[in-house]
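Student: Here is what each chain is made of, one letter per residue.
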Amino acid sequence: MAEYDLTKTVIPYCDRHLVFPLLAHLAESDLFPVEQVQTAQYELAKETNMVDYAVSLFEQLHPEEEVPAEFADKREKAVSTNERLQQEAQAVLDVIENPEVAQSLRQDKNQNLQFLRDHYNVTLEQITALYNFGKFQYSYGNYSGAADYLYHFRVLSTDPDLTISAHWGKLACDILTGKWDVALEELNTLRDAIDARTPSMPQFAAASSNADPALSQLHSRTWLLHWSLFVYFNHPQGRTLLLETFLSPTYLNTIQTSCPWVLRYLATAAVLSRKSASGALSSRVRHSIREIVKVIQMEEYQYQDPVTQFLKELYVEFDFEAAQKELGKAETVVANDFFLGEFREDFMDNARYLISEAYCRIHQRIDIGDLSERLNLSRDEGEKWIVNLIRETRMGADAKIDLEKNVIEIHRPPLPIYQSVIEKTRGLAFRTQALGAAMSRTLGAPEAAPTVVEAQ
Amino acid sequence: MSSDEEGPKQAAPAAKPAMSRFLKSAGDSDSSDESSSEEEEMSSDEEQQQARRPGGRFMHGASSDEESDEDQKRVVKSARDKRLDEMEATGKVMDNALKINDWVAISNEFEKLVRMVQRQQNVAEPVPPFYLRTLIDLEKSANAAVVKDKESKKKMNASNARALTAVKQKVKKVAKEFESELKRFQEDPEGFERDFQATFVSEAPAPAKAKKAKKGNDEEEEDEEFTTVGKGGKAIQFTPESIFKNLQVVQEARGKKNTDRAEQIRILEKLLEVAVTPYQQIRVLLALIASRFDYNSSVATHMPAELWLSAQKEVDQLIAIVAKEPAYSIQEITEDYDDLAERSPKTEKDGIVRIRGSVISFVDRLDDEFTKSLQNIDPHGTEYVDRLKDEKGLYCTICRAQALYEKTKQEDPLGRVIMRRLEHIYSKPDPVVLALEATVATNDLKPSVVLSDSQTSSLIHSLCVHLYKSGNSLLRTRAMLCHIYHYALHNDFHTARDMLLMSHLQESIHNADVATQILYNRTVVQLGLSAFRCGLIKEAQATLQDIFATQRVKELLAQGVHQQRYQVLTPEQEKAERQRQLPFHMHINTELLEAAFLVSSMLVEIPLLASIDSEEQKRKAISKPFRRLLDFADRQVFTGPPESTRDHIMQASKALQNGEWEKCRDLIQSIKIWSLMPECAAVKEMLAKRIQEEGLRTYLFTYAPHYRTLSLSLLAKTFSLSLRSVTSLVSKMIWTEELAAALDQSAGVVVFNRVELTRTQQLAQTLADKVNAMVEQNEKSLDQRLGVSNTWNDRGDGGKGDKRGEQTQERNRRGDRTRGARGGARGGRGARFAQGLGSQMAGNTQRNR
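In order, the protein sequence lines correspond to chains A and B. Just so we're aligned: 268 in this note's numbering is position 268 of the first sequence, and the numbers increase by one with no gaps anywhere. Just so we're aligned: 31 in this note's numbering is position 31 of the second sequence, and the numbers increase by one with no gaps anywhere.
Please keep in mind that the hints were generated in silico from the structure rather than gathered at the bench. Incorrect hints may have been included.
[As the list claims (entries may be wrong)] Keeping only pairs whose Cα atoms sit at most 30 Å apart, straight-line, the calculated DSSO-like set for lysine-lysine is:
| id | chain 1 | residue 1 | chain 2 | residue 2 |
| --- | --- | --- | --- | --- |
| 1 | B | 780 | B | 538 |
| 2 | B | 732 | B | 654 |
| 3 | B | 173 | B | 140 |
| 4 | A | 312 | B | 717 |
| 5 | B | 770 | A | 294 |
| 6 | B | 684 | A | 294 |
| 7 | B | 684 | B | 428 |
| 8 | B | 732 | A | 424 |
| 9 | A | 325 | B | 717 |
| 10 | B | 732 | A | 329 |
| 11 | B | 717 | A | 405 |
| 12 | A | 424 | B | 780 |
| 13 | B | 624 | A | 294 |
| 14 | A | 384 | B | 732 |
| 15 | B | 392 | B | 372 |
| 16 | A | 312 | B | 538 |
| 17 | A | 329 | A | 384 |
| 18 | B | 428 | B | 313 |
| 19 | B | 256 | B | 176 |
| 20 | B | 732 | A | 400 |
| 21 | B | 554 | B | 684 |
| 22 | A | 294 | B | 780 |
| 23 | B | 732 | A | 405 |
| 24 | B | 689 | B | 624 |
| 25 | B | 92 | B | 170 |
| 26 | B | 689 | A | 312 |
| 27 | B | 538 | A | 294 |
| 28 | B | 256 | B | 82 |
Construct the entire structure; sequences and hints are all you get.
Tutor: Given below as structure tokens:
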């Protein structure tokens, strides 16, 4: 199953620290030799300031060898730097934590700066010290502390580049500390910042800086897509939010152009959010599967794995046997994936449901035994499953189980014509109204036309 | 007579045996004894003199020859006097005519006289006093004649009177021209005459030679002798020292009307032989190549092949010299320098000799001339093939130029030359590119990018990447299109499509120049063909549709001039059109293209036709051109056996409609043009499979109303498909609600549950559709006024906007197959593509008109 493992593809788009959990997961699942994974972990830790961790990894890796001396040096240096930076940052922090100051701070950053400079003698350099200290803390693994400092820095700083960088840092911290609500919020602000066409980009992705803004924006988006996986697959409402975000045109384009493998997560999320689809959700989520299938079909030439193949076999080829086979493979893939591992059960459930739904829609009379086999269930289990299915989907009126012949009979009366006409004309009144409103607003303020549309 | 005066004059030195003698003395640098006062005056400003009288140098030299003085004098007299004599003869004729009052003759003679004087002025001789005198006389007598005419009415006939007025006017005009001379002459006729005589004596030798040369040239048999003598005399005549002088002479004559270009080229060739230093060589080569390109003055005709070949060799030589001698550099813009002085790295300030000239323009010209000659040669003859063989050499030259510019790091010409190189290989199949590259590999000057391990695509890629980095946006666009074309040619449809979409070219292509638009069209068409070869029928159909909808495929691909039905092209337009045409070997076979388009249209359109039942729906067609052909074929009373490709496809379509997929397959496969498609066997196989599938779909659509159930295994047997694929196909149709049916698993049959609609119901549905379409139309036009991007990209603009956006998406998803206008931003890649192409075609149409 190692060929479907995406860790290697994903790692280049993650921060060094975010890779640790990925590798830890790999170490647990035995897709790759433990040796290799440990070496990778060590290589990773070596470059950070987490000296102790690196040393322990080294000892694990080479039990009989001596720990290289450079670690001691590094450790000392790290400690001293830490102290120096802390002193620098402390000055600002003292001021900010003063409740009086906190109260007098406003929305306007420039005004705040002026205020701080006038009353407390806080300079720009000192504020930047916050950033440096936060970054340093992050580098040795004190994520919650780093998050604090970066937060304060962001509130005060006016430097757009550093602010964005702090955004990324804060997001990483929140992810690593597992504060999903905060992380989600952070993710959204970061996304807004990126979509606002910022010319800057995270410093650690600087390899392709100096490029034109559109390209750097694409890079930022790609990074954001990967980082958001951490959040979306841990936050309770993450899956629907993931669909919302990833299916928005800009991000869908990003996926198609630079990272088609994210389709796996998109497809899984679509399958997973099937059940909640009955609730009040935007149509984008409700129709997600159809849309995703289209994209999968389009990108098939550059990316495919069992999860996407499952959807393709089911909704493009309608080859239930093949879909069944792919589902079997997909199960292991999902189970082994870092992000998806926890959702294996859910995924299988929903996937089965999708299969049977499609099956029932196409067939008129179905052999129960056959269907159970398609769902990878035993006969009795299958029967139970089907009964549940019929109950859940309110097919009760149409579908009946004939136990004597051991078949399900489904009678689907064709949609009455008047109903289809109603369907077709449903939204018209509303749309016309919206049209009228837009027009009147445009007429009212023709010179401000673009803003009017934005305000809609 | 004077039409060849200038040319022969330069040729003069070599023309006469007598001359060689004097040339020897010129070599002794014998100073002129007989130089007149005027010559001294002029020699102070030698250049000016040169400019005024090409060839003057030798002539002065000649006058210094004492030995043949008398002989010369005689010759001289007749040369100079011949003109004067002629003038005087004309004058006499005029006098006679005047006597008998024949103004028609006077008019003719006067015109002759004016022409002669003008010619004399061209060779910088002063106006002869005789002429002025005649002018004054004529004016007088003309006035007198007019007065006389008025007095004695009806004495003159009509033509005579007309001639008289003409002469009067002409005389007035000419008199104005020579106003100052006339004044001087009238004031002091003798003094003027004296002045004239003085110049006459000093310049006497010049016309002498001119005349002799003329003689030599005029007579055919002497011409040969002239060349042989020339060869003998050359070694002495073209010495390294005199190169620059000769060069200048040639350059001054360049572009003048009467210059004998062939002669110039011959002189330059000889100069090249004697050129010693790199500086001289470069200078002569620059002039020589330029004059070779000058050889054909008219734009329409192409350069003779031999001339082209030698030009190509010389460009090669030039590049070799410049590449070998890094101290010499050819630049388009340099500081002024003395044309006549020898220069070397030592004499220059920074050790680099900069010479005015442009290698890239030579390469460009060479390439253009090559294309032009291919355009003009009949592509079906052997000559074309022979000419095509020269491409190797040309490609080599281009590569050498690229290497040169890489060495000298001149970015702008480097980009241009790489573009030229790319254009030579992007549309060629691998073996040809390999052959071209093989010649480059044997070359001594190699560009940085050469073919490695026979990977043409990596070669093209690296060339393109270089151009992408260059600042020139036109080159970038063209490189991109070539790159896409290459991918499409190599059946990498997905990459090509993605590149085309990401380039966003379809939005801006109508602003491009015509050549780039043509390249764009070619690329799109090639993309469609590649989709077809890959078996992506729908994509192929959508891509090719737009260009076929215009019905001007040939014109849009620059493979033929379109016959306009209602308007006639002006000759200029037609000429421009002809110049745009691609040479034959670059053509995309339009018949093959049409076959691919019609077959894919058939596969898309026939099931659709079968699926619709009401008249209204029938009007909607995906492919109008195909539908038109089909209707036409339907109306035919009698159909014979198929002959053309179209016949084949039309009959195949009919067979498909009737469910006879085997007949359809055989008909399609027997189309001969497929043999031109690479991997034609695989393509045929793919088509057979498609025909089976689409045949099944058509069959189901057509005959479903007549069945209650249909056995799947029977269907599988009829269409020789596997049961599994039949099930899959039927399921797909049920799922998409194309077919009102369900599968019965236990019995293995399809159960149809079709509902017949009443007329009212049908109408209601149509009405609903139309209302929908109208609202959509309104929204679209509103969006256009407000700017589409706002509604599409801004996701987070509140509930209302969001909802609206989603609705639009939903509508798109509902699958309006023909319209892609709004599907652009999401999912509908194909749709956006088609749209871009469509509008581009419109733009193109306007342009081409």
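Student: List in ascending order the numbers of the hints, as given earlier, that are violated by the structure.
Tutor: Nothing - there is no hint that the structure violates, so all of them hold.
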